[in-house]
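According to this note's numbering, the sequence shown is numbered sequentially starting from 1.
Some clues are possibly wrong.
The calculated lysine to any residue pairs, modelled on SDA-like cross-linking and capped at a C-alpha distance of 20 Å, are [to be verified]:
(1) Lys68 <-> Glu93
(2) Lys324 <-> Trp370
(3) Lys324 <-> Arg114
(4) Lys235 <-> Glu264
(5) Lys352 <-> Pro320
(6) Lys324 <-> Arg339
(7) Lys6 <-> Glu93
(8) Lys333 <-> Ala369
(9) Lys6 <-> Ser395
(10) Lys407 <-> Asp375
(11) Lys407 <-> Trp370
Treat the hints as calculated values from the structure; they're not laboratory data.
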Amino acid sequence: MISELKIRNFKSLESVDLNLGHFNLLVGANASGKSNFLDALRFLQGAGNGFTLDEILDGKPPSPTSVKWDGIRGSSGYIAFRRRDGSVAESVELEGCIRETNLYEIKRENVSYRFKFEPGTSKFEQWFGPSECAWHNNEKILHDYKLVLSNFSYDKVFSKGLVATFDSTAREYSRLLKERDPSLTAQEVESRDHLSPELFKLSPEAIYAAHILDALPNMQFLDPLPTELRTYSSKAARLGENGEGFAALIHEIESNGSKPPLLEWLKELRPDEVSDLYAIPGAVNDYMAAIKEGYIEFPAPLISDGTLRFIALAAAFFQPSMPKVLIIEEIEKGLHPSRLRLLLELMRSQSKRTGTQVFATTHSPTLLAWLTEEDRKTTFVCTRDTESGATKVRSLAEVPRLEELVKEHYNLDELFEQGWIESVLHES
Numbered sequence: 001m002i003s004e005l006k007i008r009n010f011k012s013l014e015s016v017d018l019n020l021g022h023f024n025l026l027v028g029a030n031a032s033g034k035s036n037f038l039d040a041l042r043f044l045q046g047a048g049n050g051f052t053l054d055e056i057l058d059g060k061p062p063s064p065t066s067v068k069w070d071g072i073r074g075s076s077g078y079i080a081f082r083r084r085d086g087s088v089a090e091s092v093e094l095e096g097c098i099r100e101t102n103l104y105e106i107k108r109e110n111v112s113y114r115f116k117f118e119p120g121t122s123k124f125e126q127w128f129g130p131s132e133c134a135w136h137n138n139e140k141i142l143h144d145y146k147l148v149l150s151n152f153s154y155d156k157v158f159s160k161g162l163v164a165t166f167d168s169t170a171r172e173y174s175r176l177l178k179e180r181d182p183s184l185t186a187q188e189v190e191s192r193d194h195l196s197p198e199l200f201k202l203s204p205e206a207i208y209a210a211h212i213l214d215a216l217p218n219m220q221f222l223d224p225l226p227t228e229l230r231t232y233s234s235k236a237a238r239l240g241e242n243g244e245g246f247a248a249l250i251h252e253i254e255s256n257g258s259k260p261p262l263l264e265w266l267k268e269l270r271p272d273e274v275s276d277l278y279a280i281p282g283a284v285n286d287y288m289a290a291i292k293e294g295y296i297e298f299p300a301p302l303i304s305d306g307t308l309r310f311i312a313l314a315a316a317f318f319q320p321s322m323p324k325v326l327i328i329e330e331i332e333k334g335l336h337p338s339r340l341r342l343l344l345e346l347m348r349s350q351s352k353r354t355g356t357q358v359f360a361t362t363h364s365p366t367l368l369a370w371l372t373e374e375d376r377k378t379t380f381v382c383t384r385d386t387e388s389g390a391t392k393v394r395s396l397a398e399v400p401r402l403e404e405l406v407k408e409h410y411n412l413d414e415l416f417e418q419g420w421i422e423s424v425l426h427e428s
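Generate coordinates for the entire structure from the input sequences, incorporating the hints supplied.
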């Protein structure tokens with residue numbers, strides 16, 4: 001989980017420091033900077049994929065080993081903060097901390113990362129790990145760890161070998177090998193022939209780099225389009241950004257036994273109506289999603305936009321291949337205000353169940369009415385400073401007197417609609 005994130009001069013985000021949770025909600029008016037924040041997450045994803053700075057910002061065509069990368073919205077020409085006087089920031093920086101990473105069953109706590117670059121130049125610096133073990137733009141370390149991760153399976157590069165390399169003590173190394181395989185002789189332990197020699201090139205810095213660059217790419221951006229959800233699809237362990245593979249995912253969820261809890265969420269959305277959810281087989285090993293109301297079948301083309309989108313968002317929490325971070329823009333699309341509470345409960349509970357961190361944006365004041373005190377700590381209000389044009393991002397818990405007013409039974413959604421929250425934040 002990304003527990004901390006600091007952003008400097010990235011688009012409208014001149015200076016932002018956030019402590020994050022499992023469920024993070026961004027609210028604010030149009031052009032307040034919510035989408036720019038999501039672009040910052042996409043930047044981290046691209047950096048984690050090992051792309052060059054130009055590729056991260058401007059895109060990368062598909063290749064035999066990677067899918068197409070669309071780059072950052074606005075590309076490199078608009079990545080740095082622009083002040084009202086027309087001047088542009090000289091450097092951009094993203095820094096933070098991942099609370100826990102788990103690579104080959106080795107856990108690391110609070111591993112930091114930092115990316116800094118100067119737009120218009122080739123200068124792109126990267127740091128990973130704690131301060132005493134920082135990795136600074138070392139291409140050899142990057143190559144070594146990628147070689148190990150790409151060429152050797154868990155059976156060959158087992159976790160205790162990595163731990164032993166990190167600990168770098170012969171006694172601990174021997175003990176771990178014997179524990180792993182008691183049949184090994186002392187000579188075999190000393191020779192290390194049964195392990196890849198590439199493994200022993202890894203320094204502590206490379207191990208930290210491996211943890212960070214394994215965690216950051218595993219993000220999923222999701223904005224399901226009803227037109228896409230109504231089509232046939234085949235083979236999907238994870239939804240596409242616009243809902244590609246939706247019907248095939250429903251089939252997979254049916255097959256692996258995850259359908260009952262998903263169906264319960266759908267029944268909560270449409271009580272006394274929906275009795276089943278399933279995938280209809282097509283002609284060539286593909287599927288179309290369908291629901292049943294009593295004895296009547298409704299294939300996806302007959303299902304309302306809001307219901308389809310809700311099913312897709314719910315199904316995203318039952319994917320066989322769950323992301324570490326799930327990012328959803330405008331979660332209220334197509335949903336009646338009375339059903340927003342259900343959507344909030346879905347994301348809150350399933351992010352905790354799966355361990356997937358959720359970032360979502362909304363324009364709906366109604367949703368704010370259902371937030372708990374814990375939710376408000378990671379619900380962030382985006383506003384624009386009238387003088388500098390910079391986006392300020394502050395949690396609802398930081399709004400002066402807000403908790404006091406909530407305890408006095410003021411409605412949070414009304415305070416937001418009336419502009420009280422934004423006005424207080426502008427003054428503070």
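Non-conforming hints, listed in increasing numerical order | 1, 2, 4, 6
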